[in-house]
Amino acid sequence: MAFETEELKAIDKIIAENLASKDQQKSPLLPVLQDIQKFYGWLPEKALIRASQKLSVPLVSLYGIASFYNEFRLKPLGDYHIVVCTGTACHVRGAPLLVSELERTLGIQVGEVTPDQKFSLETARCVGTCAVAPVIIVDGEYHGKISKKEVQQLVTELREEGE
Amino acid sequence: MERIDSPEKLKALQQAAQKKQEEKESFITMCGGTGCQGSGCQKVIDKLKSEVEKRNLSDTIGIKITGCQGFCEQGPLMVIRPQGSFYIRLEPEDIPEILEETIENKKSVDRLLYTDPESQQKIEKEQDIPFYKHQKRLVFKNNGFIEPTEIDDYFNVDGYSALAKTLYEMSPEDVIEETIEANLRGRGGAGFPAGKKWKYCRQEEAEPKYLACNADEGDPGAYMDRSILEGNPHLVIEGMIIAAYAIGAHQGYIYVRAEYPLAVKHTKQAIEVAREYGLLGDNIMGTDFSFDLEVAEGAGAFVAGESTALMHSIEGKRPMPRQTPPRSVQQGLFGKPTVLNNVETFGNVPLIIMNGAEWFKSIGTENSKGAKIFSLVGKVNNTGLIEVPMGITLRKIVFDIGGGIPGGKKVKAVQTGGPSGGCIPEDLFDLKVDFDELSEAGSMMGSGGMVVMDEDTCMVDVAKFFLDFLKDESCGKCLPCRNGIPKMLDILTRITEGLGTEQDLIKLEDISKTIKKTALCGLGDSAPNPVLSTIEYFRDEYEAHIHDLACPAGVCPELIYYEVDPEECKACDRCKRACPVDAIAGEPGGDPYVIDNKICISCGTCIEECPFEAIAVIPGQQEGSEKVKRVAQK
Ligand SMILES: Cc1cc2nc3c(=O)[nH]c(=O)nc-3n(C[C@H](O)[C@H](O)[C@H](O)COP(=O)(O)O)c2cc1C
Ligand code: FES
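From first to last, the protein sequence lines stand for chains E and U.
Counting from 1, one number per residue, gives the positions in the first sequence under our numbering.
Counting from 1, one number per residue, gives the positions in the second sequence under our numbering.
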């Protein structure tokens with residue numbers, strides 16, 4: 001990805017805003033990363049390098065935070081982003097079988113993106129709708145009490161939709 | 001907007017809000033909680049709004065989109081008041097009929113009512129449904145009446161009266177005494193008395209003091225804290241202002257995980273509105289007390305819910321726990337005295353101030369007062385959020401409120417306390433749910449996850465699941481947790497693959513002891529609990545895995561095999577077509593099909609596919625095609 005000056009400006013702006021926040025005691029690292037992720041949907045290396053220069057902190061400190069929290073992604077997502085909940089309630093209601101089903105159908109492992117960039121697959125530890133377990137989220141939309149068959153149908157529909 | 005500068009002003013606003021409500025003939029409340037969103041409530045809400053508009057009913061009918069009403073299993077949910085009709089599993093197409101029948105003709109629509117599974121009778125009103133009947137809704141009481149973005153709705157239920165009483169009639173010491181007297185114990189995990197914590201913090205000399213609210217909700221299987229914040233954010237804010245007054249704090253933080261965008265949004269918005277009304281900021285309600293709140297967004301790390309780690313996270317750092325003491329009440333946020341309480345703990349505070357410690361103490365058991373919210377999930381019919389008096393039995397929760405186990409299966413255990421808790425077997429279901437009895441049984445109250453498990457749940461697999469979770473979530477700072485958890489997980493994985501030995505159980509117990517004694521924070525300290533409690537109560541399952549190479553619950557893929565019942569099989573070919581690894585042989589219309597367990601990966605697809613329930617899961621190894629051999633070869 002070419003790193004445009006537009007993007008540089010956007011990142012600089014994010015940093016400036018966070019540094020200007022009223023709470024000077026707070027370290028700006030976490031909110032800066034959150035804002036960069038809001039901007040891109042993930043954390044590109046170039047953006048992290050820029051942030052590390054601007055904030056005068058070693059890149060490794062940013063990486064430390066980015067890799068610690070589950071929320072941060074160091075890879076871009078596919079056009080359709082599928083999250084399978086593997087929290088306790090979903091686990092006992094068959095989430096592991098959904099995960100392997102999706103891995104087989106999409107031909108990728110959890111954490112990967114299909115070669116055509118169409119699908120990415122992730123798991124989450126409870127998405128907070130445990131009552132309707134098992135749950136998957138496709139591009140932010142929750143699907144509760146979903147069966148393997150419905151997962152198959154969903155993927156087929158999405159594949160056709162993109163065609 | 002006018003600032004509230006006296007109790008009288010508040011009263012006037014409350015009365016105005018009540019009057020405004022009375023102007024409407026009826027209110028239609030739709031649950032907009034995340035559970036109902038998962039069941040497609042948005043489409044129903046859109047339809048409702050457009051139909052009410054189309055029929056010119058807007059003047060007489062009010063619509064409220066509330067936070068979670070609890071009975072998520074049956075969503076999307078609707079309640080019509082004052083009629084009281086409670087409708088479940090709604091589709092957009094149901095709306096016109098509801099408007100005609102219930103609103104115009106004042107009759108309920110029978111087909112949309114809840115059916116009692118036992119008597120097969122229709123039940124019209126919410127309070128008569130067993131799921132609600134046995135509950136004691138205190139903190140959740142108003143969730144079904146409040147549109148979270150409307151502060152007027154909170155005024156309508158006398159919101160902020162407790163704050164007025166606090167600021168105008170009580171000293172900080174009074175508030176602390178009342179809370180100690182009520183014996184309000186923390187709802188986030190350990191059950192430490194909130195009033196005492198406040199007192200210790202107040203006694204500290206260092207200034208400024210901080211207040212923080214724990215809405216990290218890391219327990220994977222629990223969602224009550226988010227539902228309180230999403231549905232009734234002002235209740236938590238009011239509780240926090242009262243606590244801040246008690247300890248003498250002027251700045252507070254609500255730490256919410258970013259994965260809960262709706263909770264973040266509603267909380268932020270409620271803070272802003274409260275500020276505009278002069279309920280936050282300088283000179284609250286016209287007094288000289290000042291306090292402000294900020295939302296700090298977490299980023300999804302279980303350990304960030306631990307108090308010292310949470311404070312590091314609010315400071316913008318990596319959420320690493322630190323050694324205690326010093327306790328947070330001495331040196332917390334930015335090195336200053338800090339009180340951290342859970343969302344539900346704060347939610348109880350205004351109720352105690354308004355109704356008094358005596359009232360609160362009249363509910364619950366000797367050492368656990370009040371009610372507790374649980375997320376009742378897993379293998380139970382009525383899943384959802386429940387608030388029950390302390391001391392209720394697990395049996396009552398699972399069978400009376402939860403409606404028993406789906407599919408006529410047998411219940412096996414209830415898991416409480418999340419990854420720090422344990423599994424309680426069915427023969428202990430008569431124990432009273434409170435802080436002490438749960439701990440005695442080897443589990444804990446935790447923040448309120450309650451996962452029901454049936455005969456098809458493998459307890460070794462559950463223990464493995466929690467350790468796998470904790471391995472990912474361990475921060476890596478202390479060695480016992482960093483190395484001990486993966487080691488235990490390793491052993492459990494081997495057991496579930498048929499490679500375990502009797503020695504392994506002793507090893508698991510040994511490592512557990514070491515971790516418990518030496519881990520730095522509560523995460524490691526409690527990490528062995530799921531393993532220890534399952535070994536204690538379900539040793540036979542571990543032994544079946546080890547000695548018989550069989551998973552009695554039919555879960556662990558290497559310790560089961562599939563078999564087609566030749567009597568039931570109709571040779572329809574569906575299973576063969578569905579099988580992802582071509583493990584099934586047969587000709588359509590020919591002889592019964594056969595599964596080759598040398599190839600089968602136990603994915604369950606054929607079972608789901610078979611219309612005749614002809615495929616059985618059999619614990620153990622099939623002679624000649626033992627799956628454990630595959631593992632050994634690997
Ligand atoms: C690993 C770990 C995770 C925790 N997660 C949470 C949590 O998600 N929510 C919570 O309220 N308390 C959590 N706690 C408990 C907190 O450390 C703390 O005791 C609690 O927030 C205090 O509030 P309370 O006294 O009102 O319960 C956790 C503790 C540990 C050790
Ligand atoms: S466990 Fe899946 S939503 Fe909570």
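Simulated from the structure, these hints should not be mistaken for laboratory data.
Small disclaimer: the values here were computed from a predicted structure and weren't measured.
Where a beta carbon is used, it is the ideal one built from N, C-alpha and C, also for glycine.
Among the hints, erroneous ones may be present.
No more than 30 Å apart at the CA atoms, straight line, and that leaves these computed lysine-lysine pairs for DSSO-like [stated by the list, open to error]:
(1) U/Lys196 / E/Lys145
(2) U/Lys196 / U/Lys125
(3) E/Lys26 / E/Lys38
(4) U/Lys165 / U/Lys122
(5) U/Lys317 / E/Lys145
(6) U/Lys196 / E/Lys26
(7) E/Lys145 / U/Lys141
(8) U/Lys64 / E/Lys13
(9) E/Lys46 / U/Lys125
(10) U/Lys570 / E/Lys75
(11) E/Lys26 / U/Lys11
(12) E/Lys145 / U/Lys19
(13) E/Lys145 / U/Lys361
(14) E/Lys26 / U/Lys265
(15) U/Lys47 / U/Lys107
(16) U/Lys317 / E/Lys46
(17) U/Lys477 / E/Lys145
(18) E/Lys145 / U/Lys43
(19) U/Lys133 / E/Lys145
(20) U/Lys513 / U/Lys570
(21) U/Lys336 / E/Lys145
(22) U/Lys19 / E/Lys75
(23) U/Lys11 / U/Lys136
(24) U/Lys570 / E/Lys38
(25) E/Lys75 / U/Lys11
(26) U/Lys141 / E/Lys149
(27) U/Lys432 / U/Lys196
(28) E/Lys13 / U/Lys317
(29) E/Lys75 / U/Lys265
(30) U/Lys107 / U/Lys11
(31) U/Lys141 / U/Lys107
To give an idea of the chain E side of the interface with chain U (calculated C-beta under 8 Å), a few residues [to be verified]:
(32) Pro44
(33) Leu48
(34) Gly144
(35) Ser147
(36) Gln153
To give an idea of the chain U side of the interface with chain E (calculated C-beta under 10 Å), a few residues [stated by the list, open to error]:
(37) Asp94
(38) Pro96
(39) Leu99
(40) Ala222
Requested in this report: Could you work out which earlier hints the structure fails to respect and list their numbers in ascending sequence?
Outcome: Those not satisfied are hints 1, 2, 4, 5, 8, 9, 10, 11, 12, 13, 17, 20, 21, 22, 24, 25, 26, 30, 32, 33, 36, 37, 38, 39.
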